[in-house]
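Enquirer: Here are the chains, one letter per residue:
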Amino acid sequence: MAEGAREGGIDFEALRQKSIAAAEAAIREASSRPDLHLVQAIQALDDTDKYLNITATRASEWYGLHFPELPQMLQDNVVLCKLISEVGAREAYTPENLAGRGFTDKKVEAIITARDRSKGGTISDGDIGRVKALASLAVQLSTLRGGLNDYVESQMKRISPNVSEVAGGTIGARLMAKAGGLDRLSSMPASTIQILGAEKALFRSLRTGARPPKHGILFQHQAVHTAPKWQRGKIARTLANKIAIAARVDYYRGSEDASIKAGLDKRLESIKERYKEPPARGPEPRFPRRRDERPPRRNNPRRR
Amino acid sequence: MNSLLKEDRKGRTALLTKNLTPGKRVYNEDLILRDSVEYRTWDPFRSKLAAAILKGLPDDLVREGNKVLYLGVSTGTTASHVSDLVGSTGLVVGVEFAPRVAREFVEHVARQRKNVIPFVADARDPSKYSVTTMDVVYCDIAQPDQTEIALTNCQKLLKKGGTLLLVVKARSIDVLKDPKHVFAEERLKLEKAGFNVRSVIELSPFEKDHALIFATS
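Listed in order, the protein sequences are those of chains A and B. In our numbering, each residue's number is its place in the first sequence (first place is 1) plus 32. Quick note: the second sequence, position 32, residue 13 per our numbering, numbers continuous.
One or more hints might be untrue.
Claimed, not checked - Not everything, but these chain B residues come out facing chain A in the computed CB check (under 8 Å): (1) L72; (2) P80; (3) A83; (4) A91; (5) I98; (6) P99; (7) F100; (8) V101.
Calculated from the structure, these hints are not laboratory results. This structure is a prediction, so every number in the text was calculated from the model and none was measured. All C-beta atoms, glycine included, are put in the ideal place defined by N, C-alpha and C.
The following block holds chain B by itself, in its conformation from the complex (with noise of 0.2 Å):
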């Protein structure tokens, strides 16, 4: 059974994935039966992976027994989702810098979800979270020098071919510069770097000025 569904809603894709934690929400979505399993629904206004995937990324890319580095994890809304994407048998590493949403972070999903490890740190020092060589990195920061993180990030634990999903807020880079501009900038830069963008994917009408790039290494 694939723990994430498509199903299609007055011409309209809605996402749900299996629920990890049967009976139990994170951030009050809706619950639903199919074939007496439990699924959650995964609303792409809220979360910038449930977009990109309605956008056209492919969405096999987070499998059962993963292992995710989640850089900006936030109070967890799209970690949960992840979480359920991996599995008992995978792993997400959740990364938060703010007290203040870690909190919920670490009460609605850590302590609820055994495959999260939650750590409150700052994602330019990975030494302070390096588990284990992980198959994806998945990074939502706004901080100008959002992409170099990532890249640290992934030269000390992303494993060789592994994925990087990177979620480009180009008014956190600079608010004046156009967004296409932006995006086409971190994207060479992740090519300087070796990677192999695979594509490049704008966010609206989910998110503004927002794209997510699909890399690989």
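In isolation and in its complexed conformation, chain A is listed as follows (with noise of 0.2 Å):
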């Protein structure tokens, strides 16, 4: 309303310069949340994989046309990118310059030959330092990232030391970040948090009638993902229930429960004891579609 307007009473102005406040303190007082700081810590440190995926690939394919034997003989990435930005083109190489980075003899010796006999082409000047800037990008984002991770972990240990405990940090974190925060993953249910990161196939699952997902995020967990097969589902389940359970206390209560993984641990065992075997092949199991009803009779009749 205009300027100091009333209406019955009421000046418009005064509430509103009141309600902006109080809507400005409700933000503020939500920006501050250490669970949503540590969403955007997890987010940021999958965001640098990416990254340190996609630039480590590039420098190593272009460096490849000039030394393809290096990148062949070494399987990380960002070993590699370091070698290319410290030391550069192939003549470089030297076995005072590969000593004190960990490499064993042999591999230094096959080094220097593959430099040798290289089938490389040559390359330019403005190639090999183009090619460096990209490799070095490469070594610092692997920092950035390391750093990242690091700072998850201690601080989901200090938000969610539970969930910490039982799913680990990284992972408590992604859940915690598809939730949308500690108190919406407290209050969500271990069947959701068991498929959390799975929506895609839930919602075929759902629409099609195709087998739903037995876990999302859940599946990044080392005891799910290195079981067998058919155990992963209890598994998944297992850990989401107890996840869950996590969550709760973590946000209404706060203090550390030992007893979560360790009941964890021992429902684990029991199932890779009792499903040892994989089961006997029966009929595929159906999951039927969801049909709708007829659609309601309106006892309106009017037309818009």
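Hints in hand, dock the two standalone chains.
Expert: Right, here's the structure in full:
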């Protein structure tokens, strides 16, 4: 309303000012929640992972034109990028500058041999300069990644010690990011936590009657992905149950409770024991598609 | 001078609203002068109310001087045009629950426009923002019980004979049901609550699986 306008005794401008102040206070309070910062950190970590992969792969491909044997010899792209950025062109490799990098003598020898018999082409100063810049960016990204990873782990221990204990720091943080904060994670049923991150598969299953997903983000947990296939669903379900409990303890009580992890380990043991052998192949289970009932009849027949 | 302008642009209708804060933009929209009055273009792909008007919703439902309760203002794109429409004698009470988008609404809309009062609140609890009786309730929230929420607000704050504009997000109510089915169900809920449903406008091609229900109490 226009400035100072009143109606029925209400001063709208005064009310507006008060409301703006209250709204800003609420926004400020919400923006300083530590779990929301943690959500940003884990997302930054996952972003950094992507950049690192792209950058290191490009550096390796480009450098491979000049010295293809080196990328083939080193599995770790970051180690390769470190060499590219610090040593550079093929001719510059010597036993001396390869020393102290954790390579075995055999490896150093192989690199030197490869240097002399390389099938790679020549590279101009301009090109090697760009490749070195790219490689050094990859090295920096890897340092950034390490720092973010440690930070997420330590913050998770502080904000959500039990989820951190049961699910692991990064996986716990990813679940929290998907849920939208610790408060939301703690109010989710375990069945939802179990398939967080597998929404596409879930909705496909509901729509078409395909098999429902057993795990989403939880697949990344080593207890799930290292287990034999027929145990994974059971393990993911148990894990989700314990995470749901852990999140509630973290949110409402905030103290560590070692019994959750102990209970998980016990359950995992018994699953592994009981379902040692793959199940006999029976008929494929069927997951019926949900069908709509008929649309309701309008009691008011007027068309729009 | 009307605060809403319709122009023909190569066979397509463009909507413009008279800028209540001349010279200022809210979300990088175009500012256009007509007869030395500044207007802001109203993009139907970004605003469901604009989409509904282009698809046949009467354009005089939100008028100069109206008091509008807007549930789910988000960053305030549509709300800023509603604020243009009701003008300096009108009032927009904007409610938003998510702090992240409410920040932009308060900064870019509520702080700039004297006819807008912001609330960071849950629309399930109208007592938090019951400022006065409203002429129009506009509801655009992504909740499975959005229709019930709108009805609660209307019972408490909408004047007798007032207008309810309800954006139905079929995918928020039920991802699997046919949207048409969902629209019919929500329409029925309004009629059972004593509303007179004037029209149900599907918002394609501007929005997928959305409809706007226009009803009067």
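Enquirer: None of the hints should be skipped; say for each whether it holds.
Expert: Hint check:
no. : hint : verdict
1   : L72  : holds, 5 Å
2   : P80  : holds, 4 Å
3   : A83  : holds, 6 Å
4   : A91  : holds, 6 Å
5   : I98  : holds, 5 Å
6   : P99  : holds, 5 Å
7   : F100 : holds, 6 Å
8   : V101 : holds, 4 Å
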